[in-house]
Amino acid sequence: MSGAAVVERGGFNEEALPHLDAVYRFALRLSGAPDQAEDLVQETFLKAYKSWGQYTPGTQAKSWLFTICRNVFLRKRERGQRHDQIVSENIGRAGPGPNPINPVWVSALELDPEGNFFEAIIDDQIVRAIDELPEEYRTTVVLSDLEGLPYAEIAELMEVPVGTVKSRLFRGRRQLQQALYDYAVEMGYVPARTGTDESG
Amino acid sequence: MSLFDKIKGLLRRGDGDEMISCHDALRLVHEYIDGELEGVSEARVKAHFDVCQRCYPHLHLENAFREALRRGAGAQTAPPELRSRLVELLAKADSGG
Numbered sequence: 001m002s003g004a005a006v007v008e009r010g011g012f013n014e015e016a017l018p019h020l021d022a023v024y025r026f027a028l029r030l031s032g033a034p035d036q037a038e039d040l041v042q043e044t045f046l047k048a049y050k051s052w053g054q055y056t057p058g059t060q061a062k063s064w065l066f067t068i069c070r071n072v073f074l075r076k077r078e079r080g081q082r083h084d085q086i087v088s089e090n091i092g093r094a095g096p097g098p099n100p101i102n103p104v105w106v107s108a109l110e111l112d113p114e115g116n117f118f119e120a121i122i123d124d125q126i127v128r129a130i131d132e133l134p135e136e137y138r139t140t141v142v143l144s145d146l147e148g149l150p151y152a153e154i155a156e157l158m159e160v161p162v163g164t165v166k167s168r169l170f171r172g173r174r175q176l177q178q179a180l181y182d183y184a185v186e187m188g189y190v191p192a193r194t195g196t197d198e199s200g
Numbered sequence: 201m202s203l204f205d206k207i208k209g210l211l212r213r214g215d216g217d218e219m220i221s222c223h224d225a226l227r228l229v230h231e232y233i234d235g236e237l238e239g240v241s242e243a244r245v246k247a248h249f250d251v252c253q254r255c256y257p258h259l260h261l262e263n264a265f266r267e268a269l270r271r272g273a274g275a276q277t278a279p280p281e282l283r284s285r286l287v288e289l290l291a292k293a294d295s296g297g
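Protein chains in written order, with the working numbering: chain A, 1 to 200; chain B, 201 to 297.
Please note that the accuracy of each hint is not assured.
What the hints assert, rightly or not - In the DSS-like style, the derived pairs of lysine-lysine whose C-alpha atoms are separated by at most 27 Å in a straight line are: (1) A:K50 with A:K76; (2) A:K76 with B:K292; (3) B:K292 with A:K50; (4) A:K76 with A:K47; (5) B:K292 with A:K47.
What the hints assert, rightly or not - Here are a few chain B residues that face chain A, going by a calculated C-beta distance under 10 Å: (6) N263; (7) R271; (8) R285.
Calculated from the structure, these hints are not laboratory results.
Every residue, glycine too, gets a C-beta built ideally from N, C-alpha and C.
With the rest of the complex left out, here is chain B:
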């Protein structure tokens, strides 16, 4: 019996608590990261990734990918001149212009 199976056995406390499969863990990885799981608890998915050496690296790479996106394109701000132009336009709209 592999270490994973032993841990899986230890974690099995009933039908509802049985560890999810690798297939399901990878199928749910996006919803898990996005906090959008339905029909399965976050704790059950986390329990799988915490102990599965095969699946955890996939979760790690998904997180690294999201981090790269945020770093590359998530921090841009509107130019200051756009902000001031907008305030002027709104003031003009107020006065019916």
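The shape of chain A in the complex, shown without the other chains:
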């Protein structure tokens, strides 16, 4: 082992390895399966390690690892391991459109204004709902809402304009909210309508 390798390894341990849990979570949501996630993580860290010389110390190591992880995932997917539906969207469209009122919340506010139904939804169902999103929405929502990355970093990572990140977040969150609300209604976590106020 060379002295240079030891120096690089030290920097890697300090800057890259602390993000192992975050990269694993990301890989898990990308692939939807723990064994595939582990393979993705291993490949991601090995690639990062081998090209550690290209990394500028002190910059966004977490985003860089996410970028490698997603690229590895997309390359594997292209080989046919997983096929998501094609996301139809206007690239670069900034904003949710003319009506920002969330129809899911309008329904929820009638029956459960405190949103208590969220607390009744089990973790597995939340994970399932995230995994059912198309990849572009899933990746954007995970990076923003679970990993706390700023819009600009997500845009760079996914190689899209910030407006597209906003659009994907808007649509991905709406789909998730609808799925979780529908599940809560089915399970009886949302109080049923009484029908007493039909006369207005």
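Chain A is fixed; fit chain B onto it per the hints.
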């Protein structure tokens, strides 16, 4: 004049400080929660949600939704055996294996 309009009037100190509309508050709710507002201050958006009974519940539900996501999928950690396997792989890569 509604209570909301009265408060809105009290808060109006000039063009730049005028309270934003319900439409704008709801349009900006994601950027507000994400700390990504552009062209409007966080204080102006907050001032609206603080006093608007129509919009505040939407903000509350958005926050409850984010909290549910973090609880459901944001706390998973890598298995310990993956961590140790990774350390071994990196050591092997060091030695050219």
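Check whether the Cα positions of B:K292 and A:K50 lie no farther apart than 27 Å.
12 Å, holds
B:K292 and A:K47 were given as a pair; does the straight-line alpha-carbon distance stay at or below 27 Å?
13 Å, holds
Quick one, are A:K50 and A:K76 close enough, alpha carbons at most 27 Å?
20 Å, holds
Is the hinted pair A:K76 and B:K292 satisfied, with a Cα-Cα distance of at most 27 Å?
Measuring from Cα to Cα gives roughly 24 Å; hence the hint holds.
Straight-line Cα separation of A:K76 and A:K47 no greater than 27 Å?
Holds, at about 15 Å.
Would you settle whether the hint for B:R285 is holds or violated, based on the nearest Cβ-Cβ distance to chain A being less than 10 Å?
Holds. Min distance 7 Å.
Taking the least C-beta to C-beta distance, is B:R271 closer than 10 Å to chain A?
B:R271 check passes; min Cβ-Cβ to chain A is 7 Å, inside 10 Å.
Please verify that hint: B:N263, Cβ, nearest Cβ of chain A, below 10 Å or not.
Status holds, d = 9 Å.
Of the numbered hints stated above, none is contradicted by the structure.
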